[in-house]
Amino acid sequence: MPVAAAPIISSVQKLVLYETRARYFLVGSNHAETKYRVLKIDRTEPKDLVIIDDRHVYTPQEVRELLGRLDLGNRTKMGQKGSSGLFRAVSAFGVVGFVRFLEGYYIVLITKRRKMADIGGHAIYKIEDTNMIYIPNDSVRITHPDEARYLRIFQNVDLSSNFYFSYSYDLSHSLQYNLTVLRMPLEMLKSETTQTRPESFDIFEDEGLITQGGSGVFGICGEPYMKYVWNGELLAIIKDTVHRDWLLYIIHGFCGQSKLLIYGRPVYVTLIARRSSKFAGTRFLKRGANCEGDVANEVETEQILCDASVMSFTAGSYSSYVQVRGSVPLYWSQDISTMMPKPPITLDQADPFAHVAALHFDQMLQRFGSPIIILNLVKEREKRKHERILSEELVAAVTYLNQFLPPEHTIIYIPWDMAKYTKSKLCNVLDRLNVIAESVVKKTGFFVNRPDSYCNVLRPDEKWNELGGFVIPTGRLQTGVLRTNCVDCLDRTNTAQFMVGKCALAYQLYSLGLIDKPNLQFDTDAVRLFEELYEDHGDTLSLQYGGSQLVHRVKTYRKIAPWTQHSKDIMQTLSRYYSNAFSDADRQDSINLFLGVFHPTEGKPHLWELPTDFYLHHKNTMRLLPTTRSYTYWWTPEIIKHLPLPYDEVICAENLKKLIVKKFHKHEEEIDIHNEFFRPYELSSFDDTFCLAMTSSARDFMPKTIGIDPSPFTVRKPDETGKSVLGNKSNREEAVLQRKTAASAPPPPSEEAVSSSSEDDSGTDREDEGSVSQRSTPVKMTDAGDSAKVTENVVQPMKEVYGINLFDGLSEEDLSIYSRFVQLGQSQHQQDKSSQQLCSRCPDGVIKLTPISAFSADNIYEVQPPRVDRKSTEIFQAHIQASQGVMQPLKKEDTSVYREYIRNRYL
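Number 904 in full-length UniProt numbering belongs to position 904 of the sequence shown; there are no gaps in the numbering.
Source of the hints: derived by calculation from the structure; they are not laboratory data.
The reader is advised that the hints may include incorrect statements.
[As the list claims (entries may be wrong)] Listed next, the in silico EDC-like pairs over lysine to aspartate or glutamate satisfying Cα-Cα at most 20 Å (straight line):
{"#": "1", "residue 1": "K35", "residue 2": "D362"}
{"#": "2", "residue 1": "K443", "residue 2": "D461"}
{"#": "3", "residue 1": "K604", "residue 2": "D54"}
{"#": "4", "residue 1": "K517", "residue 2": "D709"}
{"#": "5", "residue 1": "K342", "residue 2": "D245"}
{"#": "6", "residue 1": "K47", "residue 2": "D129"}
{"#": "7", "residue 1": "K619", "residue 2": "D417"}
{"#": "8", "residue 1": "K717", "residue 2": "E682"}
{"#": "9", "residue 1": "K657", "residue 2": "E147"}
{"#": "10", "residue 1": "K383", "residue 2": "D362"}
{"#": "11", "residue 1": "K425", "residue 2": "E382"}
{"#": "12", "residue 1": "K663", "residue 2": "D245"}
{"#": "13", "residue 1": "K420", "residue 2": "E380"}
{"#": "14", "residue 1": "K658", "residue 2": "E682"}
{"#": "15", "residue 1": "K40", "residue 2": "D362"}
{"#": "16", "residue 1": "K423", "residue 2": "E438"}
{"#": "17", "residue 1": "K641", "residue 2": "D894"}
{"#": "18", "residue 1": "K35", "residue 2": "D48"}
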């Protein structure tokens, strides 16, 4: 009987595109290259896409025979050895999709990738380079004069900037959803495998399972959440005709991972931001919401904490917290034709029944559950009404919607004028934000996949007992979400999200038993690492939407920013204004074309001829929508029944239809994440296996002097951090290295030069995967003048640590002491037979030295390692089994020893 479920690993990870005159053959294999699939793409159709998937799993021998027959059959002259009929066009790592403008179809392939993060052994990759190939043959191609212009617009979306994918982990869903699916009852999994399969299901998938006698593991693969998938339209044409392993869904946003080292115990802190593909666009061109409830600049940010010492979703410890940012869900916009830094805000449509806000919050209740908490950071008091227009309308909409919801599930509205508190000298902005963060986290809770620790039960914390969420036997679930917004949802929003994330991080560390109280202070290595992660996250999202990096950072609101920060803020403001005024329109056209919002059609106006894209994003302006929602019962009935739990995570018939459940052999490659991560079947090196060089709290933040507490939760002085010497310069280069976004405006010349030099020095491995991650410190070449300064900085700490100068000669007293030490060592190595007999009778556990030379004055010895007793062997075997998910039950003596320790220590 199966004991667990596991995510299905895609069996198409390496691709090779072969070309003939009539067809393209796309050959995909798993990473071990033991299973192959083949797609046949017809090149004789000028405008239609004809793809054939024979759904057969080939062996390496069968693929070689197939390619040999294709090569022989497509030669110009039969039997001619000099010419080849099958050409190898390109190697790739995945298919982004297929797109057509006015001529034939193109195929977009991922040709370079880089590993960015690791969650439970599941690798997350960033797209580094792509290749766009025209499918129809030149002999049947029907040219169009505007095809090249559409191609340039489409390629303005830079797929090498902050697009991510994974072969085994669903990036469009949260960790809570992915692990909840894996913990479905086995009875439901059995019923799913016995249901009637559609005709397109692989007829070879259940081969060999009948002879297992019922043993195996259930593999689960779910549908992605299409709101955060950016190539959904590009894959839509082949979704129903090819095997699911060919479908590689990508997200857009941010992904960063850092290592928090707690006395040698590695804990990975991962930050993933998913940008919505609905109503997507640039700053002033996309404001408010569309008719379907999708808002502009909507980003779901998830912070994941995992104990890296155990790599398993079943045996490991994982925790996550999710929060959302997005524009105010109303019909509003700003007119940028006036060329003003702050164009006036106008409400485009009257919405007395809050129809758009109702659709938006209905989506949030379905995905996150209740309560929905709104943190509104826009200005409340202004001489001339500007931002206050949005606050008044949002309050009216929330008040109207709340009167129909059950009291326990109402939307919580928190207004706070952050700009007003920032200008005040008497108020501390972050202290007030910390109070709000505490109340928010207590209401929503967070996700953790393990029950409360026994020490938390014996020594309960007051804050822990007040924590909300939903408690289950296997841990806790987050119910509800915080939705933060200002006008742009950039600077103020990022600082507020950081403070909420910092508060949630303390609870996450406490739940995993890593700290004794759920509280984290500033100026600790852990918070500095988390702050740097959030600033990179904020800079990336700000570039994608606003065209520049963050203007105000956490240090700005703490009022500890250096005096040079003000001039940098002015430059970022000018860069944002330039991007909004001159390049946002072209970026918006590229995004509309890439996401399939606009489809080029012969005989209709072109994309660049449209006066506005308002009608493309608001479907109710082009046709009458079929259904009209109630003004009072504005929610979906099924959602309200299961609150506070999110409906998407409830086990019901509707959600089970979205899952693909398959029974595998116990050691099948599609579910064996251990083999997928460590790859024992290939010859590997440390550089390839550990190519992810992430930021570490011990290396990059902890002081290097002796006598300092190595705990990452100890408060440091500002000059004690490990990045005090060269940190500012390297941080700037590191930030510029990856702060490129889809269809973003060109950076200033100085930043562009630094970015190009950093990328050229990064290097790639044998698979064209970068060996340096987004969070790693780039290598910088220094000249002769700088090298002397660097040498001085290196030698100075050695003198402080060891008390000597390496360039000074030794004194006579030191030499005499060393000579006596050498003589003692020589006399120690001279052993007679009596000492050998004593050594032979040494007890187990002591290393034995046996001379192996015939010369009496020789000091070459044979070392015999100590014997390992049975108890130590059992402890080591239990440790190995724990890494594989097999936990040993606690004995009575272990429980009694632990209780005695707690009684003596705390009671």
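Hint check results:
no., hint, in the structure
1, K35 with D362, "violated (44 Å)"
2, K443 with D461, "holds (16 Å)"
3, K604 with D54, "violated (38 Å)"
4, K517 with D709, "holds (18 Å)"
5, K342 with D245, "violated (48 Å)"
6, K47 with D129, "violated (26 Å)"
7, K619 with D417, "violated (35 Å)"
8, K717 with E682, "violated (47 Å)"
9, K657 with E147, "violated (40 Å)"
10, K383 with D362, "violated (35 Å)"
11, K425 with E382, "holds (19 Å)"
12, K663 with D245, "holds (16 Å)"
13, K420 with E380, "holds (8 Å)"
14, K658 with E682, "violated (35 Å)"
15, K40 with D362, "violated (43 Å)"
16, K423 with E438, "violated (24 Å)"
17, K641 with D894, "violated (45 Å)"
18, K35 with D48, "violated (30 Å)"
Figure legend: structure checked against the earlier numbered hints; hints not met, in rising order: 1, 3, 5, 6, 7, 8, 9, 10, 14, 15, 16, 17, 18.
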